[in-house]
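Just so you know, the sequences run in chain order A and B. Converting from the first sequence to the working numbering requires adding 62 to each position, the first position being numbered 1. Converting from the second sequence to the working numbering requires adding 8 to each position, the first position being numbered 1.
Any given hint could be a false lead.
[To be verified] Taking lysine to aspartate or glutamate pairs in the DMTMM-like style, the calculated list, with each CA pair at most 20 Å apart, reads: (1) A:Lys79 to B:Glu422; (2) B:Lys204 to B:Asp166; (3) B:Lys418 to A:Glu68.
Simulated from the structure, these hints should not be mistaken for lab results.
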Amino acid sequence: MSDMRELYQEVILDHNKKPRNCYVMDCATRTADGHNPLCGDIVKVYLRIEDGVIEEISFQGHGCAICTASTSMMTESVKGKSVTEAREIFEGFHEMLTGVAEEQGVEFGKLQVFEGVREYPVRVKCATLAWHTLNAAMDGDDESVTTE
Amino acid sequence: MTTPAATAAGPAALDVERVRADFPALHQESHGHPLVYLDNAATTQKPRVVIDAVRNFYERDCSNVHRGVHLLSQRATVAYEQARTTIKNHIGAADSREIVFTRSTTEGINLVAASFVRPRLEAGDEVLISHLEHHSNIVPWQLVCEERGATLKVIPIDDDGDIILEEYERLLSERTKIVGVVHVSNALGTINPVRKMIELAHTRGVPVLVDGAQAMPHLSVDVRELDCDFFVCSAHKVYGPTGIGALYGKREHLLEMVPYQGGGDMILSVTFEGTTFNEPPHRFEAGTPNIEGAIGFAAALRYLDAHGLDTVAAHESELLAEATQAVLALPGVRIVGSARRKASVLSFVMEGVHPHDIGTILDSEGVAVRAGHHCAQPVMARYGLSATVRASFALYNTVQEIDALVAGLKKVREVFG
Numbered sequence: 063m064s065d066m067r068e069l070y071q072e073v074i075l076d077h078n079k080k081p082r083n084c085y086v087m088d089c090a091t092r093t094a095d096g097h098n099p100l101c102g103d104i105v106k107v108y109l110r111i112e113d114g115v116i117e118e119i120s121f122q123g124h125g126c127a128i129c130t131a132s133t134s135m136m137t138e139s140v141k142g143k144s145v146t147e148a149r150e151i152f153e154g155f156h157e158m159l160t161g162v163a164e165e166q167g168v169e170f171g172k173l174q175v176f177e178g179v180r181e182y183p184v185r186v187k188c189a190t191l192a193w194h195t196l197n198a199a200m201d202g203d204d205e206s207v208t209t210e
Numbered sequence: 009m010t011t012p013a014a015t016a017a018g019p020a021a022l023d024v025e026r027v028r029a030d031f032p033a034l035h036q037e038s039h040g041h042p043l044v045y046l047d048n049a050a051t052t053q054k055p056r057v058v059i060d061a062v063r064n065f066y067e068r069d070c071s072n073v074h075r076g077v078h079l080l081s082q083r084a085t086v087a088y089e090q091a092r093t094t095i096k097n098h099i100g101a102a103d104s105r106e107i108v109f110t111r112s113t114t115e116g117i118n119l120v121a122a123s124f125v126r127p128r129l130e131a132g133d134e135v136l137i138s139h140l141e142h143h144s145n146i147v148p149w150q151l152v153c154e155e156r157g158a159t160l161k162v163i164p165i166d167d168d169g170d171i172i173l174e175e176y177e178r179l180l181s182e183r184t185k186i187v188g189v190v191h192v193s194n195a196l197g198t199i200n201p202v203r204k205m206i207e208l209a210h211t212r213g214v215p216v217l218v219d220g221a222q223a224m225p226h227l228s229v230d231v232r233e234l235d236c237d238f239f240v241c242s243a244h245k246v247y248g249p250t251g252i253g254a255l256y257g258k259r260e261h262l263l264e265m266v267p268y269q270g271g272g273d274m275i276l277s278v279t280f281e282g283t284t285f286n287e288p289p290h291r292f293e294a295g296t297p298n299i300e301g302a303i304g305f306a307a308a309l310r311y312l313d314a315h316g317l318d319t320v321a322a323h324e325s326e327l328l329a330e331a332t333q334a335v336l337a338l339p340g341v342r343i344v345g346s347a348r349r350k351a352s353v354l355s356f357v358m359e360g361v362h363p364h365d366i367g368t369i370l371d372s373e374g375v376a377v378r379a380g381h382h383c384a385q386p387v388m389a390r391y392g393l394s395a396t397v398r399a400s401f402a403l404y405n406t407v408q409e410i411d412a413l414v415a416g417l418k419k420v421r422e423v424f425g
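Modelling step: build the complete structure from the supplied sequences, incorporating the hints.
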């Protein structure tokens, strides 16, 4: 049970229940679709990028708590950041979930709550789907992203 | 076909503790809890007799079939062909030559689509399947229909998950070249009235393929009583090894069918000018087969037959009824699929919690279930869902394990509030 509290921390449950920036953005300059075929998780990321800076970000979709919370918290963490900074955050986040143990210990602020996911390899895709989709949107890649 | 229902005068009770002792994999811990394995519709655990049969082949009889003059090859051939006879007897076929070994249920369907349906399918023809099908009984038909300019038609289901028979009758036409229907739905547990459906198809001269993957562990199947033209199944759903399945086809159909794959064993003679194909079933078994798989498959069916399918079905029926009641008593839980007749599958959703999160939390309590679309996305779409939690029962499951499932679901509520 304590393991489950470790995975499903209050912050995650809160973002799952009340996802932030969850709306269709009419003035988006970039969008991308992400899909996890195994779970059926679907996310669409909307971006308004001006001068290389993510001025506005939102999403729509449905998925498990890990996926929904990760998407919601991603939007908060990259809003106002430059595209380059956003990519750096993703790299670090990805490393936190999949990297080898010795390389741990980097602080990620709020995103640190997802550290528990690394103990559940099948759920890592749930936590990273939105980030892969964000990457595709920043690349201007129209192809739908899948985690497979 | 037997209705799984326990009555006072019904079959003898199953000695579940003795059954459990036969399955080595059940006696382990998962995340510090005794393993509660409720993912049997995905695959079943294997009894010792199956594991021993496979091991015995490799320790004693390992050889190729149908070609060696030496003792080991003779033993391997006899064991392989005896396995075919065991399967024939188990499903009530008339002739062992009507049993083709395949890799899986999926391969059996692909074989029928390619060798029976494709040559007779013309533009404008129709293939009729139900809304309950597993992807394996959808995609092979889509491929062959696309190639031939034919149309795939779908028999609708009602809110309970029952096929609407009137619609089925309406959809059967002279353009229908085959009906493909699942006997027991893997996603909802619905037992389809396949006998009636076959009768209706036959009055219009339409052949029927029955996907029996989920029926095999729960119902006693008699292909002659059903009068199906084809019946496909897999060993691993019925306590046998993975990678081996069987296709039953009426002899007159198999004799007409073109080969599925070319290679060794499926020929009588080969020259560079041409080849004379072997008789069925060998015509459809190109290459060295999964010999130990076939032997393990037969061992599994003998094991099941020793307990009696009526006894097994009665036990599983009790578990399903118990689980249905217990899960329904939990707040915010909704069962998906309440067909008139069901077998061993309990599909459900919990308000405000995604099935995958439920699956992870149950797993942390040692309870193994499936969470997802169960390779039946059209079924999920029918109910406006992307996924469900599925608990599926086997002959070795107990009422105590249902208690563990319920306790796990209460933990889910504690975590998610």
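Tell me the numbers of any earlier hints that the structure contravenes, in ascending order.
Going through the list in order, the structure violates no hint and respects every one.
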